[in-house]
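One-letter residues, chain by chain:
2 protein chains.
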Amino acid sequence: MHRIDNLQYANWSEKIFRQMREGNVDAVHVTITYHENFRETVANVEKWNRWFERFPELIFQGRTGEDVRRAKKEGRTAIFFGFQNPSPIEDDIGLVEICHTLGARFMQLTYNNQSLLATGCYEAEDTGITRMGKQVIKEMNRVGLVIDMSHSAERSTLEAMEVSERPIAITHANPSFWHKALRNKSDDVLKALGQSGGMLGFSIYPHHLKDGSKCTLESFCGMIAKTAELMGVENIGIGTDLCQDQPDSIVEWMRVGRWTKEIDYGEGSASNAGFPPMPTWFNDNRDFGNIEKGLLAAGLSDSEVAGIMGENWLKFYDKSFGPV
Amino acid sequence: MHRIDNLQYANWSEKIFRQMREGNVDAVHVTITYHENFRETVANVEKWNRWFERFPELIFQGRTGEDVRRAKKEGRTAIFFGFQNPSPIEDDIGLVEICHTLGARFMQLTYNNQSLLATGCYEAEDTGITRMGKQVIKEMNRVGLVIDMSHSAERSTLEAMEVSERPIAITHANPSFWHKALRNKSDDVLKALGQSGGMLGFSIYPHHLKDGSKCTLESFCGMIAKTAELMGVENIGIGTDLCQDQPDSIVEWMRVGRWTKEIDYGEGSASNAGFPPMPTWFNDNRDFGNIEKGLLAAGLSDSEVAGIMGENWLKFYDKSFGPV
Numbered sequence: 006m007h008r009i010d011n012l013q014y015a016n017w018s019e020k021i022f023r024q025m026r027e028g029n030v031d032a033v034h035v036t037i038t039y040h041e042n043f044r045e046t047v048a049n050v051e052k053w054n055r056w057f058e059r060f061p062e063l064i065f066q067g068r069t070g071e072d073v074r075r076a077k078k079e080g081r082t083a084i085f086f087g088f089q090n091p092s093p094i095e096d097d098i099g100l101v102e103i104c105h106t107l108g109a110r111f112m113q114l115t116y117n118n119q120s121l122l123a124t125g126c127y128e129a130e131d132t133g134i135t136r137m138g139k140q141v142i143k144e145m146n147r148v149g150l151v152i153d154m155s156h157s158a159e160r161s162t163l164e165a166m167e168v169s170e171r172p173i174a175i176t177h178a179n180p181s182f183w184h185k186a187l188r189n190k191s192d193d194v195l196k197a198l199g200q201s202g203g204m205l206g207f208s209i210y211p212h213h214l215k216d217g218s219k220c221t222l223e224s225f226c227g228m229i230a231k232t233a234e235l236m237g238v239e240n241i242g243i244g245t246d247l248c249q250d251q252p253d254s255i256v257e258w259m260r261v262g263r264w265t266k267e268i269d270y271g272e273g274s275a276s277n278a279g280f281p282p283m284p285t286w287f288n289d290n291r292d293f294g295n296i297e298k299g300l301l302a303a304g305l306s307d308s309e310v311a312g313i314m315g316e317n318w319l320k321f322y323d324k325s326f327g328p329v
Numbered sequence: 006m007h008r009i010d011n012l013q014y015a016n017w018s019e020k021i022f023r024q025m026r027e028g029n030v031d032a033v034h035v036t037i038t039y040h041e042n043f044r045e046t047v048a049n050v051e052k053w054n055r056w057f058e059r060f061p062e063l064i065f066q067g068r069t070g071e072d073v074r075r076a077k078k079e080g081r082t083a084i085f086f087g088f089q090n091p092s093p094i095e096d097d098i099g100l101v102e103i104c105h106t107l108g109a110r111f112m113q114l115t116y117n118n119q120s121l122l123a124t125g126c127y128e129a130e131d132t133g134i135t136r137m138g139k140q141v142i143k144e145m146n147r148v149g150l151v152i153d154m155s156h157s158a159e160r161s162t163l164e165a166m167e168v169s170e171r172p173i174a175i176t177h178a179n180p181s182f183w184h185k186a187l188r189n190k191s192d193d194v195l196k197a198l199g200q201s202g203g204m205l206g207f208s209i210y211p212h213h214l215k216d217g218s219k220c221t222l223e224s225f226c227g228m229i230a231k232t233a234e235l236m237g238v239e240n241i242g243i244g245t246d247l248c249q250d251q252p253d254s255i256v257e258w259m260r261v262g263r264w265t266k267e268i269d270y271g272e273g274s275a276s277n278a279g280f281p282p283m284p285t286w287f288n289d290n291r292d293f294g295n296i297e298k299g300l301l302a303a304g305l306s307d308s309e310v311a312g313i314m315g316e317n318w319l320k321f322y323d324k325s326f327g328p329v
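Protein chains in written order, with the numbering used here: chain A, 6 to 329; chain B, 6 to 329.
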């Protein structure tokens, strides 16, 4: 059984890499870009390269599903790169392949706002996939860079599934039937995602949880069981959105980047502007065992739980990360 | 037997790729940068990616020696990237690994002028490898990016061999004992290169040839036989410096880039500013057979000729293009 977390953006350190090992996490999809342009994204890859050089006994760069199996065998964690915004490709479709060569495996078409490619979940109007968006989806399909619609608006998300010839992902979000939030997804989106062979990663970012930081493990795992019925138990996994050890200035960077001079509170508010505390049952990479137990308690079978904890993402990695 | 040309900078086209196939050229090391910065170099990689996508039956990107064997088996040509200037890494040592990931396999530490790393062959004073140069050589050694000193000055070249823990290359130059030119190399350099396991690629750029465009095949191959005695027959190969179909504006770009507002004629002169005509016996990729025959006529054995035409470079690729 493999354990995969398909979204984290921690304030990376040796401590966190050691916690990944203590938690037997075989692979983590890490965000390396929120608003960075291509050159800034490359600088972020360089930072990761230095971590790979410094801590080779803990982590290495993952490029294929096979690397997850290798990680398990070698007792290390495979780190897969992803972008939460298409900003790294700027207005240059040739950068899709360049970024894939550098290791990018997931790219969001939008991050809350309208992008060159599609509409984000906070815009008033959703005009769907743009002209460039259609071209970029085709190119992402060609090279094996997965389309991620976690922060995208409803119509754009549905259109992305139609336009894409390969399954897409929503790496970190929850169903809105459980907790209404602009970032959570409708039944329509989740059904279409499951039917097209796509993947949903369940988020533990408190703003995505029913009752926020006070959300119980039972409530979270019960929601997963219901979502499995809605979209298929093979189309779901974990994408915690863990932002461990980040200062509140980072959540502000995520929300406002360089696109506004005014503060935008995103899913928070003026009185709750920073990172909310994590629920007691999930604080860091050592806590995946809690989720596993919670899923079994919610009535899911051993093999279903193994799928959700990593095998489903691994199958998806196998079929998604290279040319068809 | 494999056939490798370890330096070309043609005005690439389907015609030239087809000529590579007609000439049974299994691999070509192509220059993708003269003076370009990182982002401009990436744009050049993007151009190559489009050629790889358009002509997959003729060419593909080579990354390892194994790709040369695969090219021969599949009847295609493996294209390996190289830089004639360290400009793509700017002042950022992290870009060494990034460029290697994108496929760069050779990088000159200088192009005629002083660089951040070393001194070029046209400078009045040669101060050897710089502080940054020593760090970059170490990093190039670590990732498997080959140090190329074709356009470097004597002391810098000798110091590069001392500082580098792995063999280096002079991809395109000839011995100065045969033809005195600032770009050609002294006996001292060639002996040190051979003793350290490095490689010399013989150039057919007319300014590097005795009697220029009128150089005879006999003279060229006789020079190769003498160089084999000087530095070892396993340390030599071909690096034609073929600039097929390039307009004269390109030779000006090579020479002046953006570093001067005045014209610099390099190895040419005001009255001979453009590309000189190639010798009759080598015009394009279909003419390697002439060199092969010339080498046999010069008294080299079948296996020595096979080494010079490609096997020596292939062995060098095998040991040089990845971490030790």
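One or more of the hints may lead you astray.
With a straight-line Cα cutoff of 20 angstroms, these simulated SDA-like cross-link-like pairs (lysine to any residue) come out [claimed, not checked]: (1) A:K143 x B:S169; (2) B:K52 x A:V148; (3) A:K139 x B:E58.
Cβ-Cβ distance ranges computed for the label pairs, FRET-style [what the hints assert, rightly or not]: (4) B:A48 x A:S254: 31 to 41 angstroms; (5) B:E45 x A:E170: 46 to 56 angstroms; (6) A:E95 x B:A275: 35 to 45 angstroms; (7) B:R55 x A:W258: 42 to 52 angstroms; (8) A:W258 x B:A48: 51 to 61 angstroms.
One side only, chain A facing chain B, incomplete, derived with CB under 8 angstroms [stated by the list, open to error]: (9) E41; (10) V50; (11) D96; (12) I103; (13) T106; (14) L187; (15) S191; (16) G217; (17) K219; (18) L222.
These aren't lab readings, by the way, just hints derived from the structure by calculation. It should be emphasised that the depicted structure is a prediction, and the values quoted were computed from it without experimental measurement. Ideal placement from N, C-alpha and C gives every residue a C-beta, glycine not left out.
Just to be careful: measuring from the Cβ of A:V50 to every Cβ in chain B, is the smallest value less than 8 angstroms? Holds - the Cβ of A:V50 comes within 8 angstroms of chain B, reaching about 6 angstroms at its closest.
Cut-off 8 angstroms, beta-carbon criterion: hint that A:L187 touches chain B: violated (35 angstroms)
Would the hint on A:K219 stand, with a C-beta cut-off of 8 angstroms toward chain B? A:K219 check fails; min Cβ-Cβ to chain B is 43 angstroms, beyond 8 angstroms.
For B:K52 and A:V148, compute the direct alpha-carbon distance and say whether it is at most 20 angstroms. holds (16 angstroms)
How about A:G217: closest beta carbon in chain B under 8 angstroms, or not? At 39 angstroms from the nearest chain B Cβ, A:G217 fails the 8 angstroms test, so the hint is violated.
Whether the CB-CB distance between B:A48 and A:S254 falls inside 31 to 41 angstroms: holds (34 angstroms)
Interface restraint verdict for A:D96 against chain B (beta-carbon cut-off 8 angstroms): violated (12 angstroms)
Does the Cβ pair A:E95, B:A275 satisfy 35 to 45 angstroms? holds (42 angstroms)
Cβ-Cβ distance between B:E45 and A:E170: within 46 to 56 angstroms? violated (32 angstroms)
Is A:K143 within 20 angstroms of B:S169, Cα to Cα? violated (44 angstroms)
Can you let me know if the beta-carbon spacing of B:R55 and A:W258 is within 42 to 52 angstroms? Given about 35 angstroms between the Cβ atoms, the range is violated.
Quick check on the hint: A:E41 CB to chain B CB, less than 8 angstroms? violated (14 angstroms)
The structure fails to meet hints 1, 5, 7, 8, 9, 11, 14, 15, 16, 17 and 18 from the earlier list, while all remaining hints are met.
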